[in-house]
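Top line first, the protein sequences correspond to chains A and B. When the letters of the first sequence are read in order and numbered with our numbering, they come out as residues 11 to 477. When the letters of the second sequence are read in order and numbered with our numbering, they come out as residues 11 to 477.
Do not rely on the hints blindly, as some may be mistaken.
[To be verified] Here are the computed lysine-lysine pairs in the DSS-like style, where the Cα-Cα straight-line distance is at most 27 Å:
no.	chain 1	residue 1	chain 2	residue 2
1	A	Lys244	B	Lys28
2	A	Lys67	A	Lys291
3	A	Lys442	B	Lys28
4	B	Lys370	A	Lys295
Simulated from the structure, these hints should not be mistaken for lab results. Bear in mind that the values here come from a model prediction, so they are computed numbers and not experimental data.
2 protein chains.
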Amino acid sequence: MQDDIEFATEAEDLLEEKIEHAYELIENKDFAKLKDLLEEMEPADIAIMLEEVPIDKVPLIFRVLPKELAADTFVEMDTDQQEVLIRAFSDEELEAVMSDVFVDDTVDIIEEMPANVVRRILRSISPERRAKINDIMNYPEDSAGSIMSTEYVDLTETATVSDAFGKIRETGLNKETVYTCYVVDRNRKLLGLVTVMTLLTSPETAIVSEIMDDNVIYTTTDSDKEDVSKLIEKYDLLAVPVVDREHRLVGIVTVDDAIDVIQEEAEEDFAKMNAITPLEKPYLKTSVFNIWKARIPWLMLMMVSATFTGMIISSFESALAAQVVLTAFIPMLMDTGGNSGSQASVTIIRGLSLGEIEFKDILKVIWKEARVSVLCGISLAAATFAKIMLVNNLLLHENVSWMVALVICITMCLTIIIAKFIGCTLPLLAKKIGFDPAVMASPFITTIVDAVSLLIYFSIARALLNI
Amino acid sequence: MQDDIEFATEAEDLLEEKIEHAYELIENKDFAKLKDLLEEMEPADIAIMLEEVPIDKVPLIFRVLPKELAADTFVEMDTDQQEVLIRAFSDEELEAVMSDVFVDDTVDIIEEMPANVVRRILRSISPERRAKINDIMNYPEDSAGSIMSTEYVDLTETATVSDAFGKIRETGLNKETVYTCYVVDRNRKLLGLVTVMTLLTSPETAIVSEIMDDNVIYTTTDSDKEDVSKLIEKYDLLAVPVVDREHRLVGIVTVDDAIDVIQEEAEEDFAKMNAITPLEKPYLKTSVFNIWKARIPWLMLMMVSATFTGMIISSFESALAAQVVLTAFIPMLMDTGGNSGSQASVTIIRGLSLGEIEFKDILKVIWKEARVSVLCGISLAAATFAKIMLVNNLLLHENVSWMVALVICITMCLTIIIAKFIGCTLPLLAKKIGFDPAVMASPFITTIVDAVSLLIYFSIARALLNI
Chain A
11 MQDDIEFATE AEDLLEEKIE HAYELIENKD FAKLKDLLEE MEPADIAIML
61 EEVPIDKVPL IFRVLPKELA ADTFVEMDTD QQEVLIRAFS DEELEAVMSD
111 VFVDDTVDII EEMPANVVRR ILRSISPERR AKINDIMNYP EDSAGSIMST
161 EYVDLTETAT VSDAFGKIRE TGLNKETVYT CYVVDRNRKL LGLVTVMTLL
211 TSPETAIVSE IMDDNVIYTT TDSDKEDVSK LIEKYDLLAV PVVDREHRLV
261 GIVTVDDAID VIQEEAEEDF AKMNAITPLE KPYLKTSVFN IWKARIPWLM
311 LMMVSATFTG MIISSFESAL AAQVVLTAFI PMLMDTGGNS GSQASVTIIR
361 GLSLGEIEFK DILKVIWKEA RVSVLCGISL AAATFAKIML VNNLLLHENV
411 SWMVALVICI TMCLTIIIAK FIGCTLPLLA KKIGFDPAVM ASPFITTIVD
461 AVSLLIYFSI ARALLNI
Chain B
11 MQDDIEFATE AEDLLEEKIE HAYELIENKD FAKLKDLLEE MEPADIAIML
61 EEVPIDKVPL IFRVLPKELA ADTFVEMDTD QQEVLIRAFS DEELEAVMSD
111 VFVDDTVDII EEMPANVVRR ILRSISPERR AKINDIMNYP EDSAGSIMST
161 EYVDLTETAT VSDAFGKIRE TGLNKETVYT CYVVDRNRKL LGLVTVMTLL
211 TSPETAIVSE IMDDNVIYTT TDSDKEDVSK LIEKYDLLAV PVVDREHRLV
261 GIVTVDDAID VIQEEAEEDF AKMNAITPLE KPYLKTSVFN IWKARIPWLM
311 LMMVSATFTG MIISSFESAL AAQVVLTAFI PMLMDTGGNS GSQASVTIIR
361 GLSLGEIEFK DILKVIWKEA RVSVLCGISL AAATFAKIML VNNLLLHENV
411 SWMVALVICI TMCLTIIIAK FIGCTLPLLA KKIGFDPAVM ASPFITTIVD
461 AVSLLIYFSI ARALLNI
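Make the full structure from the sequences, and use the hints.
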């Protein structure tokens with residue numbers, strides 16, 4: 011996290027200027043100049059620019075874009091704007107745009123659109139592409155199959171180097187994935203891959219099966235998309251080929267999709283760990299009602315589970331009445347406990363997510379947390395004792411007795427040890443029984459730790475203070 | 011987050027088998043077969059395999075690897091093992107390995123090594139490479155310059171297509187970044203880029219400056235590496251060229267490094283939001299003392315700031331003594347407040363990190379959170395009222411009076427509204443004044459919200475219950 015508020019590169023300043031200029035040209039209806047300007051811009055930037063334009067003007071502006079740029083921009087736009095555009099398009103316009111959209115992007119668009127719009131999109135697409143789209147849509151959500159791209163270069167084993175170059179030129183794709191060609195046999199079974207670098211350094215007449223690399227990292231259609239992204243990250247790949255159960259090549263997952271998956275999964279963890287159901291759209295575009303829906307169930311759960319802490323306090327009512335000073339330290343003990351627990355749980359949850367920690371490490375983790383928690387517990391208890399003596403007694407004249415201070419410090423130390431134990435074991439156990447460890451973070455651990463710390467507090471208070 | 015504990019792909023099973031097999035061969039000292047096996051494996055996997063091997067055997071195994079594979083594996087290994095290897099290497103061996111390690115990776119290694127090892131590494135490297143390494147090491151931490159790679163293909167404006175292919179072949183790099191060539195003028199100023207696809211579809215004699223794309227997305231050496239990663243993510247790039255203040259091309263940042271930056275930043279946010287100083291190494295490899303050091307300052311801070319909540323409770327001691335039942339609801343009110351606040355703050359902090367929200371959106375954000383918090387507050391207050399009547403009174407016979415229930419519900423509603431207001435504004439203000447918004451998440455907001463909710467609670471209790 012750096013702290014500068016805006017991008018500082020020259021390129022970004024230039025972009026701001028271009029967008030401002032585009033708005034002027036739109037106001038003045040100077041579409042010829044607008045076309046020149048837009049042709050120089052990146053699709054992602056045009057999409058950002060269009061977000062601020064009144065929605066009824068968007069189709070008008072969109073029509074000045076050349077066909078391929080129009081398709082690329084369309085993919086980058088948000089769902090609402092895509093829908094408006096599709097509804098504004100004539101059948102011919104829709105066909106022109108959709109014919110340049112990649113199959114995996116088309117699937118993404120279709121998944122977000124209402125049924126009548128989907129019908130129009132599918133009508134505008136050629137039957138072969140429609141078949142491919144249906145295939146991808148049939149793969150389970152979150153599988154490699156559901157995010158794969160079907161645009162790649164495949165070669166037969168008997169092809170020569172010059173055949174390969176011919177095929178690459180033929181695709182006409184200016185996508186980096188054309189630089190890896192996948193070699194398949196007659197039954198489309200994946201045999202190996204050959205890179206353009208290898209092709210460039212081999213004689214024109216060489217046979218690809220002789221120069222190919224047959225040691226291919228691949229994945230299967232039903233693999234979890236998160237595992238596929240980890241594969242791409244681990245081996246620094248640009249794309250990973252996807253095969254079906256018969257080892258036939260059916261698509262590739264590319265690095266840009268892998269980045270999106272990694273980001274998405276991290277955001278989901280951020281939300282779940284903080285007791286929020288993950289939102290589907292960016293915050294500013296999500297309705298108040300949907301944000302409420304994402305937050306209220308967890309608040310309700312917390313409220314109900316707090317019944318236990320309430321019951322514990324009620325049952326020690328007489329003890330508290332005898333030593334009212336004990337009440338003043340309840341928030342500190344609860345906060346410290348909750349914080350200690352979440353420090354451990356967040357560390358373990360992320361370790362699990364990143365594949366750094368597995369269930370089999372549970373004893374190692376508990377042993378490590380035990381030592382950390384004893385260190386934290388003792389140092390914090392000592393600091394608390396000093397604080398009570400200096401701040402509460404000397405400065406604020408609260409006259410907290412030595413015995414009460416001792417009760418608080420022992421509770422502090424034990425609470426931290428137990429909180430860290432719960433914090434580190436709960437996510438591991440959740441993973442083991444097939445639950446999402448991230449959900450274990452905030453609400454559950456806080457409630458359990460709250461209850462435990464109060465029990466310890468009052469039990470020790472009763473024992474030491476004779477109340 | 012999916013819930014299967016282990017990777018499910020065939021490829022992963024195969025990898026497990028290979029690693030097991032390698033261990034057997036090492037035990038039996040069958041180095042010929044080991045060599046054949048390792049040559050089929052990916053560098054990242056060999057590095058994983060080596061982690062479980064006794065450290066004194068690692069140099070022995072390392073020596074069976076062919077030169078290039080040895081270099082790639084070396085880069086993937088962890089710092090401790092790299093250090094052991096460097097110390098075990100003869101000068102010749104070190105030179106052989108280091109000559110195949112990319113400049114940016116060499117910088118990463120040097121940054122982690124003790125001074126005497128660094129001296130040995132630098133001695134083993136050619137003077138030109140040493141100059142490049144020094145350049146990169148002089149860029150500020152977290153800048154694009156510090157993570158850039160200096161291995162790329164550059165062409166002069168007058169080069170022809172066949173010159174370009176010659177230069178690409180000459181690099182001998184089987185890295186995907188060779189498929190984009192950067193065109194520079196006599197002073198090395200960046201003019202444009204040309205992809206291999208364009209080269210393949212152009213006549214051999216064409217001049218690159220005529221076929222190049224002069225609309226290049228680039229960054230500067232002093233840009234924040236996080237911004238560069240966002241650029242790569244936004245435009246789906248494989249690499250972004252890095253220029254100095256005079257617009258001269260000095261390197262490229264590649265997508266695999268961008269993924270690492272994105273991951274790293276997310277992990278830092280996870281840690282900071284949960285009151286942990288980010289760890290530099292994976293959890294299981296970090297010492298107990300270092301974990302303690304990363305956690306204890308935040309716990310101390312929490313403990314000290316809890317003085318305020320303690321003071322508030324102490325000052326309302328008489329009110330609490332008059333109505334001991336009020337104490338039982340303190341944990342619920344505090345937890346709900348803390349949770350509501352962190353729901354808002356996490357959403358805003360991530361929105362800021364992802365660039366979805368900026369400081370100028372502050373009024374939009376406050377207005378949105380205001381409506382969400384009123385909805386949450388009213389629904390939760392109603393649920394709490396029902397819970398008190400049904401659970402506390404009917405089920406547990408605690409006889410909470412109507413008035414006390416009312417006090418609790420009004421406090422609940424107001425606490426949520428204020429907690430969400432604090433939760434959404436604090437990160438935005440932190441960003442504005444140049445603080446890291448992530449640090450605002452847990453400890454600060456919890457403490458403030460705790461204090462505020464207690465103040466509201468006791469004030470309303472005094473007013474309505476006449477105590």
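Quickly compare the C-alpha distance for B:Lys370 and A:Lys295 to 27 Å and report which way the hint goes.
holds, 16 Å
Straight-line alpha-carbon gap A:Lys67 to A:Lys291, limit 27 Å:
With Cα atoms ~23 Å apart, A:Lys67 and A:Lys291 stay inside 27 Å; holds.
Quick one, are A:Lys442 and B:Lys28 close enough, alpha carbons at most 27 Å?
Holds, at roughly 26 Å.
Given the hinted pair A:Lys244 and B:Lys28, is their Cα-Cα distance within 27 Å?
holds, 17 Å
Consistency note: the structure conflicts with none of the earlier hints.
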